[in-house]
Amino acid sequence: MDVARFDFSLPPSAIALRPARPRDAAKLLHLTPAGPADRHIRDLPELLAPGDLLVLNDTRVLPVQLTARRGRGRVELTLLQPIGDGRWQAFARPARRLRAGDVLHIARDFTASVLGPHDQGRITLDFAMANEDLLTALHQYGVMPLPPYIRKQRAVDDRDSGDYQTVVARRDGAVAAPTAGLHFTEALLAALAEGGVERADLTLHVGPGTFLPVSADDTDDHHMHAEWGEIRPATAERVNAARQRGGRVVAVGSTCLRLLESAADEGGTVRPFAGETDIFITPGYRFRAVDMMLTNFHLPRSTLFMLVAAFAGLERMRAAYAHAIAHGYRFYSYGDACLLHREGA
6 MDVARFDFSL PPSAIALRPA RPRDAAKLLH LTPAGPADRH IRDLPELLAP GDLLVLNDTR
66 VLPVQLTARR GRGRVELTLL QPIGDGRWQA FARPARRLRA GDVLHIARDF TASVLGPHDQ
126 GRITLDFAMA NEDLLTALHQ YGVMPLPPYI RKQRAVDDRD SGDYQTVVAR RDGAVAAPTA
186 GLHFTEALLA ALAEGGVERA DLTLHVGPGT FLPVSADDTD DHHMHAEWGE IRPATAERVN
246 AARQRGGRVV AVGSTCLRLL ESAADEGGTV RPFAGETDIF ITPGYRFRAV DMMLTNFHLP
306 RSTLFMLVAA FAGLERMRAA YAHAIAHGYR FYSYGDACLL HREGA
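To convert, count from 1 in the sequence shown and add 5; that's the numbering used here.
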């Protein structure tokens, strides 16, 4: 499919640089069969029904942006993916002068060795420490890896340590937030539970590929990045039980939707899952496990906009995004959200 079909124009002023406060005060565009309805996240208990199942991603974002020194030179690092034994793939800036064997000094007791030459800014680092010690060092010296479209307009600060983490974050491993989950508060989760909406958690450690543009002209030529996820047996049981009783499975974010669909068989039964998924969902995909999704507003020509177009219909999503822009909705990671019904459901 022609990637140009997923393009649209977004004014820079629509990009959110801070989240709404409180979190559930963010706008919510409910895309109903009758058309778009302007609501707020706090209205979710009115929009979902008893017996529905809300599925959230409990991954926790690691503060993987580091500043290092090589001699007198400054090197900015963004850790991307662990590859075992204290080694990580990372982006470095500048990377062209780094060579294998270089030692990067982050703090007095925190260094990393370069293991190989750079490849378009990507290098391999060896921290030579146990994973637990590395996590401790990251929390001490690292900062949150805000998306590039925010970092270009402002610096990361202390507020982001809490703002860029969901209230259900439990399992370390993401280098980007599951942003639809950022809208939830403990009070909202309690209100949903009181209304009979059930909840289940899964884990998908969001990787940096979520921000990569689609450079191919045709979706068939795009290689999707892989991310590690886990659906525990109890979560699979809750999903299947909800479907059996006629409840709707509501995925909070593209991460939950992608993992649920990766673990579903042809009949829609979700199995326990642990491993990597590189599922790439574009229009024409037949959804098996998810009935509704809550998701933020995504970048043009992105795999995430392609996913929501597959879920709710490309023309409906283009119209919904035009409505959102015209009515002052805020876009991307710290922005507002939309509640979508699966096309044809």
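Hints listed in this document are in silico derivations from the structure and should not be mistaken for laboratory results.
Among the hints, a few may not be true.
As the list claims (entries may be wrong) - Cβ-Cβ distance ranges computed for the label pairs, FRET-style:
hint, residue 1, residue 2, range
1, 238, 102, 22 to 28 Å
2, 348, 27, 30 to 36 Å
3, 192, 272, 47 to 53 Å
4, 271, 27, 48 to 54 Å
5, 249, 349, 19 to 25 Å
Quick caveat: nothing in here was measured; it's all calculated off a predicted structure.
For glycine and all other residues, C-beta sits at the position ideal for the given N, C-alpha and C.
Comparing the hints with the structure gives:
Distance hint check: the CB atoms of residue 238 and residue 102 are about 49 Å apart, inconsistent with the given range 22 to 28 Å. For residue 348 paired with residue 27, a C-beta distance near 32 Å keeps the hint of 30 to 36 Å intact. With their beta carbons about 37 Å apart, residue 192 and residue 272 fall outside the hinted range of 47 to 53 Å. Hint check: residue 271 to residue 27, Cβ distance near 42 Å, so the stated range 48 to 54 Å is violated.
Between residue 249 and residue 349 the C-beta distance comes to about 20 Å, which sits within the given range of 19 to 25 Å.
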